[in-house]
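Listed below, chain by chain, are the residues.
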Amino acid sequence: MSQQTPEIYSVELSGTKDIVKTDKGDGKKYRGLKNNCLERKKKNHKEEFQKELHLDDHKLSNRELEKKYGTDIITGLSSTRAAELLARDGPNSLTPPKQTPEIVKFLKQMVGGFSVLLWVGAFLCWIAFGIEYSSNKSASLNNVYLGSVLVLVVIFTGIFAYYQEAKSTNIMSSFKKMIPQQALVIRDSEKKSIPSEQLVVGDIVEVKGGDQIPADIRVLSSQGCRVDNSSLTGESEPQPRSSEFTHENPLETKNICFYSTTCLEGTITGMVINTGDRTIIGHIASLASGVGNEKTPIAIEIEHFVHIVAGVAVSIGILFFIIAVSMNYRVLDSIIFLIGIIVANVPEGLLATVTVTLSLTAKRMAKKNCLVKNLEAVETLGSTSIICSDKTGTLTQNRMTVAHLWFDNQIFVADTSENHSNQVFDQSSRTWASLSKIITLCNRAEFKPGQENVPIMKKAVIGDASETALLKFSEVILGDVMEIRKRNRKVAEIPFNSTNKFQLSIHETDDPHDKRFLMVMKGAPERILEKCSTIMINGEEHPLDESTAKAFHTAYMELGGLGERVLGFCHLYLPAHEFPETYKFDTDAMNFPTSNLCFVGLLSMIDPPRSTVPDAVTKCRSAGIKVIMVTGDHPITAKAIAKSVGIISANSETVEDIARRLSIAVEQVNKWDAKAAVVTGMELKDMSSEQVDEILANYQEIVFARTSPQQKLIIVEGCQRQDAVVAVTGDGVNDSPALKKADIGVAMGIAGSDAAKNAADMVLLDDNFASIVTGVEEGRLIFDNLKKTIAYTLTKNIAELCPFLIYIIVGLPLPIGTITILFIDLGTDIIPSIALAYEKAESDIMNRKPRRKKKDRLVNQPLAVYSYLHIGLMQALGAFLVYFTVYAQEGFLPRSLINLRVEWEKDYVNDLEDSYGQEWTRYQRAYLEWTGYTAFFVGILVQQIADLIIRKTRRNSVFQQGLFRNKVIWVGIASQIVIGLVLSYGLGSVTALSFTMLRAQYWFVAVPHAILIWVYDEVRKLFIRLYPGSWWDKNMYY
Amino acid sequence: MRRQLRSRRAPSFPYSYRYRLDDPDEVNQNYLADEEEEAEEEARVTVVPKSEEEEEEEEKEEEEEEEKEEEEGQGQPTGNAWWQKLQIMNEYLWDPERRMFLARTGLILLVYFFFYASLAAVITLCMYTLFLTISPYIPTFTERVKPPGVMIRPFAHSLNFNFNVSEPDTWQHYVISLNGFLQGYNDSLQEEMNVDCPPGQYFIQDGNEDEDKKACQFKRSFLKNCSGLEDPTFGYSTGQPCILLKMNRVVGFRPELGDPVKVSCKVQRGDENDIRSISYYPESASFDLRYYPYYGKLTHVNYTSPLVAMHFTDVVKNQAVPVQCQLKGKGIINDVINDRFVGRVIFTLNIET
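First to last, the protein sequences are chains A and B. Residues in the first sequence are numbered from 1 upward in steps of one, following full-length UniProt numbering. Residues in the second sequence are numbered from 1 upward in steps of one, following full-length UniProt numbering.
Any given hint could turn out to be false.
[As the list claims (entries may be wrong)] Just the calculated beta-carbon pair ranges, DEER-fashion: (1) B:Ala117 to A:Asp693: 51 to 59 angstroms; (2) B:Asn162 to A:Leu141: 45 to 53 angstroms; (3) A:Glu842 to B:Tyr128: 33 to 41 angstroms; (4) B:Ser188 to A:Ile318: 53 to 61 angstroms; (5) B:Glu191 to A:Leu141: 49 to 57 angstroms; (6) A:Thr100 to B:Ser118: 46 to 54 angstroms; (7) A:Leu152 to B:Leu107: 41 to 49 angstroms; (8) B:Tyr128 to A:Ala366: 50 to 58 angstroms; (9) A:His307 to B:Tyr128: 38 to 46 angstroms; (10) B:Tyr128 to A:Phe959: 27 to 35 angstroms; (11) B:Ser118 to A:Leu981: 32 to 40 angstroms; (12) B:Leu109 to A:Arg852: 28 to 36 angstroms; (13) A:Phe959 to B:Tyr112: 25 to 33 angstroms; (14) A:Ser148 to B:Glu192: 15 to 23 angstroms.
[As the list claims (entries may be wrong)] Think about it this way: if two alpha-carbon atoms lie no more than 30 angstroms apart in a straight line, the pair counts; the simulated DSS-like pairs of lysine-lysine are: (15) A:Lys373 to A:Lys671; (16) B:Lys266 to A:Lys906; (17) A:Lys685 to A:Lys906; (18) B:Lys297 to A:Lys137; (19) A:Lys967 to A:Lys1021; (20) B:Lys262 to A:Lys906; (21) B:Lys328 to A:Lys137; (22) A:Lys108 to B:Lys262; (23) B:Lys146 to A:Lys906; (24) A:Lys787 to A:Lys108; (25) A:Lys906 to A:Lys167; (26) A:Lys619 to A:Lys584; (27) A:Lys853 to A:Lys167; (28) A:Lys906 to B:Lys297.
Hints were generated in silico from the structure; no laboratory data involved. Please read these numbers as outputs of a predicted model, since none were measured by experiment. The beta-carbon is built from N, C-alpha and C at its ideal position, and this holds for glycine as well.
Construct the complete structure from the given sequences, taking the supplied hints into account.
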């Protein structure tokens, strides 16, 4: 990955090479994207690069096109030719991102983490057996069993982790199911409906309003067509499309429609010029797959932890191997010691536990509408320090909504909340009556049929965004709009077009006595005002004079300054004598007046922020997370939304604001005085990466507007250079590279495109930014709880390791067997360590700063030291006490055990004398040894209960946290005891497991030690709370 | 959170000049292992003017200061990180500027010393309590060592008796082993140390468990032909080897009254007639009851384990004969599958001529 990224943006960063390329126009927002396409092509497919460079289909005439693609505009391709092309180019669909083959994923689980160590251990076991067998044919099979058990453990934990991963990935696959699209194509002079995957270059297709564009299309003819390019550019404005060649840049010209954008209205006939991965969207998608996934912070942490533990295991193992060899142990025995040390040191069950813990949290988050695709991403949100949020759809509702009205010389505020329920402005004025009539009638949008029971705001509408907004607005306030339209029959209409910049319709009135026609008009405010001579104030027409015009302009500027799209409305009652009922209106000849109208009011619309967002942004702030807005939209709109959701806080100013306040030029302002910054894509393009870093580091509140997909990547990279963990939210295809590049990509579940969802690590099912806050909270909690889990698990490793060391150095009969260790690691300890994941937070985790990458580690020095050298050692002592008690009561006093090992393990010594002069056969000794294992096991088990309780908290007293608040802990303790009892008393007779039935009293020998551990840890926590910042705090708080 | 308390060092630190790490070149080199950073962050306290008494404390603070610098230096990893790590390690161990060895660890060592000292005290206390509950004379439980195991002499790492009658070198070591083993059974010694107690009944000695107990005589001469007194080669020179069988001592073990434990040997697998005759000494082929019970090695000092000698007077030569000798008697178990030495012993005789 690291090799690929530089060349992807090299052009963008150098910023010179591209100027000579095709783009001489103002297609700045596409620049990065296009260059990238070119770059990629250049590298990968030389010929295609040529073709791309000469993408001139928009310049060609129809005839030239026919020639180029060997097709015919009227008859289309022949089926045979189409089949040939299909065979040559492949289906018209995006190649899904390369999935890691399942077997590779599985094998990764098999060799990842500690597995390697265990494999080594297993092979050493077999080698040891091999050596033994070659010299002595009756060698015991113990080593073979042990090796096999180790391999089983690896395979078992591997399968388990794989299963967990697969389960969480499966949730996602439901998203990938797409309904196959149909396309209307002309082939063999016939109109056919075929699955759009079968489209080939040269096909003539017809697309109508509401359809998705099935491929990159050169428009041949169109009727009132407008497309929504938002999935490509992030612009929510509909773009007109026609057959004219309007721009050199293929991305700007009107006669090309892009794959996966939507045709909002009208119809187009066009020729397919690119299919599948060769479409623009295809290039962006492949750009996304070219960006490697960053390693998740938790993966880094776990790796770090594995390194620590493996390092300890291997170094102690080798150290004692050398010691053993130099103590004249046989090399074979030394190898066995090495295996024992490795097994004792490696927390076999831990990685599986971590997986379970993460998937538990993932489940919990899914309930709160955060769907996690990659388990490790669960924690990433918790460590996030910068969120780069897309505006449209994430922060906003992604629908145009009427925000303000201006009539009677007053600005009224409309309710923009999600359900519009609370419209409080004055509706008594007669001006409003007229205005509402215009809004209702001068509107071509309609509800789709069959949605009677759907709330108004959720109804699907045919029509563009602003008309939809107006339709819903009037439906909410006035009731059944379609009924009103029916009563006011439409007799003529001029739809909106970009040259007129207005829309006009003529209606009969619903007053049966009024025979006049009503002409209603809406459009760009200045255009509408030009056509007016009067203005309606309080229901009466007043001549439009200087002062009212000024009032209009003030209102217009004010609303425009809020980043809202403003429309003007006017009407005219056509005199009945000139326009009798039978009058034939001709919209082409315009046989009706379009001037001297009566201006009624202004209405402004915006894509309003979601109501939960401001609160969520505040929460992010207090959690130390910087929220940056990155959008393809206009700076003014972006800034307005940023202000309303708190991304730019109420009292902070941008450089421009300061300049305006002080009435000085922008250049004179010290740019670091400002707290906030609005940076456009154009400015960004000219910046070096140092300048980007400077902006990111110095401004607290940043909005990036008019950015291209490429620039989103640059921003994310800039953030990552600040050592920040970056979350990116987005929904469009254009966001997918950034989603992939981010430490955690968050896609929108409802509005999100499949490309975005594929690239993301997490999907917000309710598209709500506030869900991210939940994710952050859960992520931080899981990090804290993982610390506890790991501390808990590491502790007993010392208690498992010490026996081996003592065994080698002092020569005691082996206190605990390798198999017994595995029973602790994979048996009694599993449920308790998972139970710690249910622990509640100790303090308000949303009020602290995000953890610093690579500094606030999951496993830090105090944790390791405290677990290994404090609690672990105490545990070992306690367990040894049980061991010594058992041996002493059976006849071997501790003194006699020293250096007994050699005699003890000699198979032919069947009359070994103990402290009382009794003589033991080998098997009797072995049985006693197993009793010792069981005793040691019980000793560890009892103290692990205390360990579990102390690990509930790291700073607070366990009693402050509530001893019984986390019920799962008690389930864990119960499971520990039950498993222990079953092993000792249920399976005590199975010799292979080397457990024996232990006298009941031995279960209580370690209890005082357990209590000591608890007390010691309470003292530790007390001192930490009493003396924050002290030496104790620094070294004992993990 | 605690971390937030940490602030950057005030520029007016009185002793900042002493930092060689202020040298930018050095800063880069300070590349500290991750694990060590955690301990080094601290809430910066206000600087107190330097004074004699605080010299020591300041030293410490300085130490921390330095490490913070090191941590900051970590931002720019450079080429030969390993070499730098090595340097840091070196400085950590021996600081040439302040001529201190493991200075930072001084306090830590002290704390750990006390911690481990108290742990040692705790474990000592525990062991002491353990010894209080355990009698040095009689084991608390004996169920693991019961039923008693069986061993034979001579024994040299192997239960296969391979020897050639005509080559003394092949059996000489058996003779030496037996001789050595029987030294403790010499009649003179036994008569001097032990009492001659009445046969056929337990030799029960009441009294406190810490009182010394008397032991019964088991004289070497009891073994007759296998005592090595008449035939110093224990029959090995004639192809009629003596093998002594000994029952493992178990404190308090008593065979059923009136039914002393007997020994009987036979061919384990194969032709029963491979062994045509065995003589047992004592002739009863049993362990007399008077040798039981055993009171433990502390009080029953001169206890001599009773023996039964098997004299294989007529065994098939020049082939391996597997022999199984079993204890027989009430309450004796001799068929534990896993333990082939409880109540029985299996060995092979391969006598070549």
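Legend entry - Satisfaction of the hinted span 51 to 59 angstroms by the C-beta atoms belonging to alanine 117 of chain B and aspartate 693 of chain A: Holds - the Cβ-Cβ distance for alanine 117 of chain B and aspartate 693 of chain A, about 53 angstroms, lies within 51 to 59 angstroms.
Legend entry - tyrosine 128 of chain B and glutamate 842 of chain A - C-beta distance against the hinted 33 to 41 angstroms: 39 angstroms, holds
Inset, instruction - Return holds or violated for the Cβ distance of serine 188 of chain B and isoleucine 318 of chain A against the range 53 to 61 angstroms. - result: With a Cβ separation near 58 angstroms, serine 188 of chain B and isoleucine 318 of chain A satisfy 53 to 61 angstroms, so the hint holds.
Legend entry - Whether the CB-CB distance between asparagine 162 of chain B and leucine 141 of chain A falls inside 45 to 53 angstroms: 28 angstroms, violated
Legend entry - 30 angstroms Cα cutoff - pair lysine 262 of chain B, lysine 906 of chain A: 28 angstroms, holds
Inset, instruction - With a cut-off of 30 angstroms on the C-alpha distance, tell me whether lysine 266 of chain B and lysine 906 of chain A pass. - result: The given pair, whose Cα atoms are some 27 angstroms apart, holds under the 30 angstroms limit.
Legend entry - Pairwise hint evaluation, lysine 137 of chain A against lysine 297 of chain B, where the allowed Cα distance is 30 angstroms at most: 39 angstroms, violated
Inset, instruction - State, for the Cβ atoms of serine 118 of chain B and leucine 981 of chain A, whether the hinted interval 32 to 40 angstroms holds or is violated. - result: 33 angstroms, holds
Legend entry - Pair hint lysine 906 of chain A and lysine 297 of chain B, alpha-carbon separation not exceeding 30 angstroms: 23 angstroms, holds
Legend entry - 30 angstroms limit on alpha-carbon distance, applied to hinted pair lysine 619 of chain A and lysine 584 of chain A: Distance of about 62 angstroms is beyond 30 angstroms: violated.
Inset, instruction - Mind checking the hinted window 50 to 58 angstroms against the Cβ distance between tyrosine 128 of chain B and alanine 366 of chain A? - result: 57 angstroms, holds
Legend entry - Outcome of range test on Cβ distance (tyrosine 128 of chain B, phenylalanine 959 of chain A; 27 to 35 angstroms): 32 angstroms, holds
In the structure shown, a violation is registered for the earlier hints numbered 2, 14, 15, 17, 18, 21, 22, 25, 26, in ascending order.
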